[in-house]
Amino acid sequence: MEAGRGMPTRRQMLHAIGLMGGTAAIYQMMTTFGHAAETRFPGPPNLSGARKGSSVIVLGAGLAGMLAAYELEKAGYKVQILEYQGRPGGRNWSIYGGDKITEMGGATQNVGFAKGNYLNPGPWRIPHHHKTLLHYCKAFGVALEPFIQFNHNAYVHNTDAFGGAPQRYRMLAADFEGGVAELLGKAIDQKALDTKLTGEDVDRLKEALRSWGMLDQDMRYTKGLRSSSHRGFDLPPGGGVNGAPKPSDLLPFDEVVKSGIASNMAFFMNDEFQTTMFQPVGGMGKIGEGFARQVGRLVTYNAKVTKLMQDKTGVSVSYADTVKGGAMTAKADFCVCTIPLTVLSQIETNLSEKKQAAIAAVPYSNSVKIGLEMRRRFWEEDQDIFGGHSFTNQEIGLISYPNNNFFQDGPAVLLGAFASGPGGYRLAGMTPEQRIEAALAQGSVFHPEQYRKEFLNGASVSWNRTPWVMGCCARWNEDTRREHYQELVALEDRIVLAGEHASYVGCWMEGSLLSSLDAITRLHKRALEA
Amino acid sequence: MTYRFLSALALIAALATPALADEPGPGGSKPPVAKTGEEVYRTYCQACHMADAKGATGAGTFPALAKNERLGTTAYAAYIVANGKGGMPWFKDMLSKDQAQALLGYLRTHYGNNYKEPVTAADVEAFGQKPTR
Ligand SMILES: Cc1cc2nc3c(=O)[nH]c(=O)nc-3n(C[C@H](O)[C@H](O)[C@H](O)COP(=O)(O)OP(=O)(O)OC[C@H]3O[C@@H](n4cnc5c(N)ncnc54)[C@H](O)[C@@H]3O)c2cc1C
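These protein sequences, in sequence, are chains C and W. In terms of the numbering used here, the first sequence opens at residue 1 and continues consecutively. In terms of the numbering used here, the second sequence opens at residue 1001 and continues consecutively.
These are computed hints drawn from the structure, not numbers from a lab. There's no promise every hint is true.
Unchecked claim - Here are the simulated DSSO-like cross-link-like pairs (lysine-lysine), alpha carbons at most 27 Å apart as the crow flies:
| hint | chain 1 | residue 1 | chain 2 | residue 2 |
| --- | --- | --- | --- | --- |
| 1 | C | K312 | C | K74 |
| 2 | W | K1054 | W | K1097 |
| 3 | C | K100 | W | K1054 |
| 4 | W | K1085 | C | K355 |
| 5 | W | K1035 | C | K307 |
| 6 | C | K324 | W | K1054 |
| 7 | W | K1085 | W | K1067 |
| 8 | C | K354 | W | K1092 |
| 9 | W | K1085 | C | K354 |
| 10 | W | K1054 | W | K1035 |
| 11 | W | K1035 | W | K1085 |
| 12 | C | K355 | W | K1067 |
| 13 | C | K307 | W | K1097 |
| 14 | C | K74 | C | K100 |
Next comes chain C alone, as it looks inside the complex (with noise of 0.2 Å):
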């Protein structure tokens, strides 16, 4: 920024300060809550000498019941699985050309995306240390590739930034970083630092200062190649005659904190959102259908559980077949229950009051995600994205470009929408027309020029309108958490719960795992005791 032009006020250091002070308190309140810690994977578990002919019924098909199926098996119980769906997998899905979505209140939606293209409506990215996931994928052999979380080259929009015209991340966080950098050295000068630190250290820390913002020699972050090599040039280097690069213009400071560039900063620091990601090649449902190739033979499908019931001598679960009707009755020695809690506090039960009380007490977050086929990837051509998030303050919240078949002619699927909060209960409460409709209107802000005349075809799921959990994921706060988590995770007898919402690991799919290996664990322990 030019001398004495555009200089941040006090006001606006204090916001972009307030900023940062409140990511790090909130960081220090979720270590505090464990929220923040890497997951713990102790290694498969050794269960083993289940007493013969002992048995068990696991209710749902999703990661959390076929990995307690497939540890369970292993050390010996007969194991039956029950699931709602005719698929296996549960939250972990993929939506590939010619399936059909029918969610509830009856839309239905016919996929038309073109062979090996698919949606990831749920889960999408796996972080490096997801050690549980990581360990059966490689287990049964399903194949990773990276997922590109971090792309400074594609854009941050704000309604209330920049007159609402997208900016690149990297100008946004290069320019953010260097007015930071620029006022705390400014405030050094002034010694209005209220610090420990000494004279040698203050003068470290302005050296920092200097590196980290690209300020000049007189702490002064401006236009120049110090700076255009972070936020990118105007006319970058070349060759020859005219290779020399043109540095280009810094964005005003009070704009660059408005666009909320600090918090996407933040977002990708949170240490499940660092790279390295990863996801499975071929969509994220390759997982489940990892773990079906391993327990897929115990599952009845179409078996919708209405009834759980345990007394002295077992458990019993009737259950409807949702396909040929009928009412069925199953018998097992114990129950592994991973039925989402939306759904599960629907199902007559005779738990604990308390028990019954924790399932009932846990809503669920709500989302949204669109998948919108184009004829080409324009943004891989014409604007050198490849991979990562375009994020918005509008309803769609990002959009999300493919992570795999980087410059292939034809057509791709690039994710149009991941929307929670108000703006996805308003998608999630369109017909299917009108979210594709929306979401081309919103994300044509990324893309003018091609993205209404690119597109071919478009699938959505609301995760509310998905009938076997209605609801994205279950979100626990500090009060659910004190009066209720223990009660809903404790083995009750012969039955115990497991599952995404049975976690501190809370909308990962490492969470539902986890969860599960810690379920199985106390149920064996429980059962070889009996």
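Given the structure of chain C, go ahead and fit chain W with the ligand onto it with the hints provided.
Below, chain W with the ligand alone, put in the same frame as chain C:
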């Protein structure tokens, strides 16, 4: 803009950022502000209770709000909408008092419900002052 307003903004942004779960990320997914009871219903409720308020059934059920006698008891409906229950999320930090009041008044007089007695500000005490986003 006052400093207090700015710091309130900063707080919201900071609170919205940390991911306790896989989530879209920052920015906030922002719908147009719903004012009338009908707009609030379309924005926040029909996702589950459906456009005709008749609900739907899958592995579980979204109850019909159409012809629902329980809406006759404003306190019950206001409590459920504010605090949630089972698969019904809580809305007390997403809806303003005005929005909740308009919404409940709308539901009590539409979709085959005919409860003329108006919903008062006191009925929706539990709701926040304004939508957080
Ligand atoms: C939008 C979204 C994005 C996500 N992103 C990620 C991500 O990027 N990375 C990640 O790791 N995780 C992500 N997750 C979380 C992840 O999908 C879940 O944590 C995980 O898949 C849950 O597994 P589960 O076995 O606990 O539950 P589920 O997979 O839901 O399994 C429960 C099973 O029970 C069945 N069922 C329900 N009712 C009945 C009934 N009455 N009778 C019989 N069966 C029944 C269901 O059909 C289902 O198969 C995301 C989730 C969503 C929704």
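Each hint, compared with the structure:
no.	hint	result
1	C:K312 <-> C:K74	holds, 26 Å
2	W:K1054 <-> W:K1097	holds, 25 Å
3	C:K100 <-> W:K1054	holds, 24 Å
4	W:K1085 <-> C:K355	holds, 15 Å
5	W:K1035 <-> C:K307	violated, 42 Å
6	C:K324 <-> W:K1054	holds, 26 Å
7	W:K1085 <-> W:K1067	holds, 20 Å
8	C:K354 <-> W:K1092	holds, 25 Å
9	W:K1085 <-> C:K354	holds, 15 Å
10	W:K1054 <-> W:K1035	holds, 23 Å
11	W:K1035 <-> W:K1085	holds, 25 Å
12	C:K355 <-> W:K1067	violated, 32 Å
13	C:K307 <-> W:K1097	violated, 39 Å
14	C:K74 <-> C:K100	violated, 35 Å
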